[in-house]
Structures are given as C-alpha cells and as structure tokens.
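Chemist: One line per chain: the protein sequences are A and B, in this order. Take the first sequence: its letter number 74 is residue 74 in our numbering, and every next letter is one higher. Take the second sequence: its letter number 14 is residue 14 in our numbering, and every next letter is one higher.
Simulated from the structure, these hints should not be mistaken for lab results. What you are looking at is a predicted structure, and each value in this text was computed from that prediction instead of being measured. For glycine and all other residues, C-beta sits at the position ideal for the given N, C-alpha and C. Heads up, a few of these hints could be off.
Unchecked claim - Facing chain B, from chain A, some residues (calculated, C-beta under 8 Å):
#, residue
1, I58
2, H60
3, T72
Said to hold, decoys possible - So these bits of chain B aren't anywhere near chain A, every CB distance computed over 10 Å:
#, residue
4, T21
5, S32
6, A58
7, A62
8, S70
9, F73
10, C75
11, L84
12, A106
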Amino acid sequence: MRVNRVLVVIPCHDEDESLGHTLAEIRRLAPDVDLLVVDDGSTDRTAEVARAARVPVIRHPINLGVGGALQTGFRHALSHGYDVAVQLDADGQHDPADLEAVLAPVLAGRADVSIGSRYLRPTGYRAPLSRRIGMLMFSAITGAAARQPIADTTSGYRAYARGVMEICQHDLPQDFPDAPLLIALARRGFRLCEVPVTMRERRAGKSFYTLGKSLYYPYKNLLASVMAMLQRSPTR
Amino acid sequence: MHFLSRTQMIFAFGAAVMLLTVLELVRRRRLSEEYALLWVVSSLGMTLLGFSTPLLQAITRALGIRYESSTAFACGVTFGTVMLLYMCTRLTRLGREQHALARELALLAHEVERLRSAGPGGGS
Numbered sequence: 001m002r003v004n005r006v007l008v009v010i011p012c013h014d015e016d017e018s019l020g021h022t023l024a025e026i027r028r029l030a031p032d033v034d035l036l037v038v039d040d041g042s043t044d045r046t047a048e049v050a051r052a053a054r055v056p057v058i059r060h061p062i063n064l065g066v067g068g069a070l071q072t073g074f075r076h077a078l079s080h081g082y083d084v085a086v087q088l089d090a091d092g093q094h095d096p097a098d099l100e101a102v103l104a105p106v107l108a109g110r111a112d113v114s115i116g117s118r119y120l121r122p123t124g125y126r127a128p129l130s131r132r133i134g135m136l137m138f139s140a141i142t143g144a145a146a147r148q149p150i151a152d153t154t155s156g157y158r159a160y161a162r163g164v165m166e167i168c169q170h171d172l173p174q175d176f177p178d179a180p181l182l183i184a185l186a187r188r189g190f191r192l193c194e195v196p197v198t199m200r201e202r203r204a205g206k207s208f209y210t211l212g213k214s215l216y217y218p219y220k221n222l223l224a225s226v227m228a229m230l231q232r233s234p235t236r
Numbered sequence: 001m002h003f004l005s006r007t008q009m010i011f012a013f014g015a016a017v018m019l020l021t022v023l024e025l026v027r028r029r030r031l032s033e034e035y036a037l038l039w040v041v042s043s044l045g046m047t048l049l050g051f052s053t054p055l056l057q058a059i060t061r062a063l064g065i066r067y068e069s070s071t072a073f074a075c076g077v078t079f080g081t082v083m084l085l086y087m088c089t090r091l092t093r094l095g096r097e098q099h100a101l102a103r104e105l106a107l108l109a110h111e112v113e114r115l116r117s118a119g120p121g122g123g124s
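The following block holds chain A by itself, in its conformation from the complex (with noise of 0.2 Å):
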C-alpha cells in the first residue's frame, strides 16, 4: 500500500524568534511529516534559525506574500513527490496537536482543503468586533459559493491535497489567499471541509495584519471574493 507523503510548508517572514521553537514542536508530536520552511524575504536570522534545525529552507529574494510563499512550497511539493501540503504558521499560533485532524480528510480522500477553524468549538477566542463583522461577511460569501458553511475562511492552518497545489502552483492570491482562494476552489469542484482547531496566541513578532493592512485587506478581499464568484466556472 502506498503511504501519503505529507510536507508541512511554514511561510515565514522576519520569525526567527518563534520559528525554532515551533520547528521543534512540530518534529516532537508529527515525526513522520517533512517540514519546509519558506523564508519570504525576511531581514532577520529566520533562514539561519531553520538550518540550525536541520530543516530545508527556500528563501525568496523579496518579500512575496503569504500567498507567495505558499505557492513555492506548492511547487517544491509536487516536483519532490508530496501529495499533501499543510501550510502551518511559524509564530506558534497554530498547535502541531491538530496536525493530525488537520490532514485526516484529505488523507483519507474525503476533501481536497482541509480548514484548521476556530469556531467549530468554544475555544475562548474572541476577535473584535470591525474583525467579526467582517469574518461574519467573508464566511456569508464563501459559504454561499462553496455551498456549505465556512465558519473561519482567514484561518492559515490548511492541508491541501495534490490536485489543489497543480492548480495553485500557477494561480494563487499573492497576499491573502483566503476567502478567495477558498471561492475559486470551491467553483472549480473541490471538496472543502474545516475541522475544529486550537488557536494559540503568537510567540513572538509582529502581526502580519498590521493597520495599513487591517483597512486594506477587507476591500482587497471583498474585490476579489466577488470577482471569484464571477469569474466563468473553470474546469480543473
């Protein structure tokens, strides 16, 4: 029986100070996953912090995006024979315990995107409420065009199955792959489905929402999201 290989990409961006703490996290309570780390033009030690782990380490020469890096450690998956990518934060927010129910529907064939979500369960979370409003519109759109409910379409704690990285690996949202990314998967057939997350508070560094971002990103979202649903129906 042929066993799933499964590559964990980790984005990164200026995290040297939280990234070998979850690399070590990681390789404690998921051995039997690679790890790759891309480093998306970061001005600190991030690059260094992932060789001293012994971990793989792909380093943009600018700054791409969330998307950006994704879409790298996309490609080095599937020309390195991966058939699942989970991509997992660097800060430490998101818990390598949920690696594991994380995957489940995609390794088992049920989905193709795999949502790490935080309000599947009462976790104590409580984003304001400009983030609710907002998270409650994205969720609104994305279920609709997905037909069935997304709770949490910003959550970065993904596993993705082959067919959905040749797909991305040309076409993917540079900066925030997320209710749109979500829309244009969803129209193109893939399965989607979220299971319940742990999201813990960041180790170290900065937002990557910083408040330019926190106004841009709703238009910049909103905009695309609608052009998603617009967009002719493509075959994948």
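Chain A is already provided as a structure; the job is to place chain B on it using the hints.
Modeler: Below, chain B without anything else, positioned relative to chain A:
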C-alpha cells in the same frame, strides 16, 4: 476666435513637439515601440486636431461641447486616463512576472544548495 486660434496653435505645436519627443525616445531606445504606440497615436491625433480647425469644430459640435478648447482638453484627459489604465494593467502583469521569477530563483537556489551539499556528483 483669436483666443481659440492661439490656444489651437499652442495645442497643435505642443502635440507636434510631443510626437517628435516620443519618436526621438524610440530612436534612442529609451522607449519601446510597444509603449510608444499610444503616445504616437494620440500625439498624431492631437496635432491633426490642432492644425485642422474644421475637424476640431465638427468634433466639438458632434459631442455637444460649447468651446473647441474644451474638446482639446477633453481629448487630453481621455488620453491620460487611458494611458493610466494601460500602465496599471502592465504593472499588474509585471508584478506577477516578478513574483514568478522570484519564486523560480528561490527554488533554483535551493536546488543548487542541495546539490552542492551532496558533494561532487551528488544527487538526491
């Protein structure tokens, strides 16, 4: 009418100078033929409008504009808008190409590093 004539002359000579400048930039290879196309077409059109009063008046009447100078101004604004939109589409495309190149470069650099660390004749 005297005001119009002066305006028209400035408009026409300005467009002609613009056309010559664009052609000179192309000759010096500081502007590609592709990007020069919009400039050449618009400069030619503006020069023609500037030197041909009947044509300018006909267009002004057809568009329901009151003054010929407004027609010339509207042409300039329209050209500027089209050019900006075109440049934004080009920037979008260049950004995508730049991202794709950066990704390819990163993947190749990683592969070179992997092969180097594997030693002479090393593979996977």
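Chemist: B:T21 clear of chain A by more than 10 Å, beta carbon to beta carbon?
Modeler: holds, 34 Å
Chemist: Regarding the assertion that B:A58 does not contact chain A, is the least Cβ-Cβ distance greater than 10 Å?
Modeler: Holds, because the least Cβ-Cβ distance between B:A58 and chain A comes to about 40 Å, which exceeds 10 Å.
Chemist: Please verify that the nearest CB of chain A lies beyond 10 Å from B:A106's CB.
Modeler: Check fails; 5 Å does not lie beyond 10 Å.
Chemist: For B:S70, is the shortest beta carbon distance to chain A beyond 10 Å?
Modeler: At roughly 34 Å from the nearest Cβ of chain A, B:S70 sits farther out than 10 Å, so the non-interface label holds.
Chemist: A cut-off of 10 Å on Cβ-Cβ distance, and B:S32 was said to be off the interface with chain A. Does that hold?
Modeler: Holds, because the least Cβ-Cβ distance between B:S32 and chain A comes to about 24 Å, which exceeds 10 Å.
Chemist: Looking at B:F73 again, its CB stays over 10 Å from all of chain A?
Modeler: Given that every Cβ of chain A is farther than 10 Å from that of B:F73, nearest at about 32 Å, it holds.
Chemist: Beyond 10 Å from every Cβ of chain A: is that where the Cβ of B:C75 lies?
Modeler: holds, 31 Å
Chemist: Please settle this one: B:A62 was flagged as non-interface, so is its CB more than 10 Å from every CB on chain A?
Modeler: holds, 35 Å
Chemist: Please check whether A:H60 passes as an interface residue: C-beta within 8 Å of a C-beta belonging to chain B.
Modeler: holds, 5 Å
Chemist: Would B:L84 pass as off the interface with chain A, using Cβ distances and a cut of 10 Å?
Modeler: Non-interface label stands for B:L84: nearest chain A Cβ at 19 Å, farther than 10 Å.
Chemist: Does A:I58 pass the interface check with chain B, least Cβ-Cβ distance below 8 Å?
Modeler: Hint holds; A:I58 Cβ to chain B Cβ min 4 Å, cut 8 Å.
Chemist: Next item in the hint list is A:T72. Is there a CB on chain B closer than 8 Å to its CB?
Modeler: Status holds, d = 5 Å.
Hint violations for this structure: number 12 only, all remaining hints satisfied.
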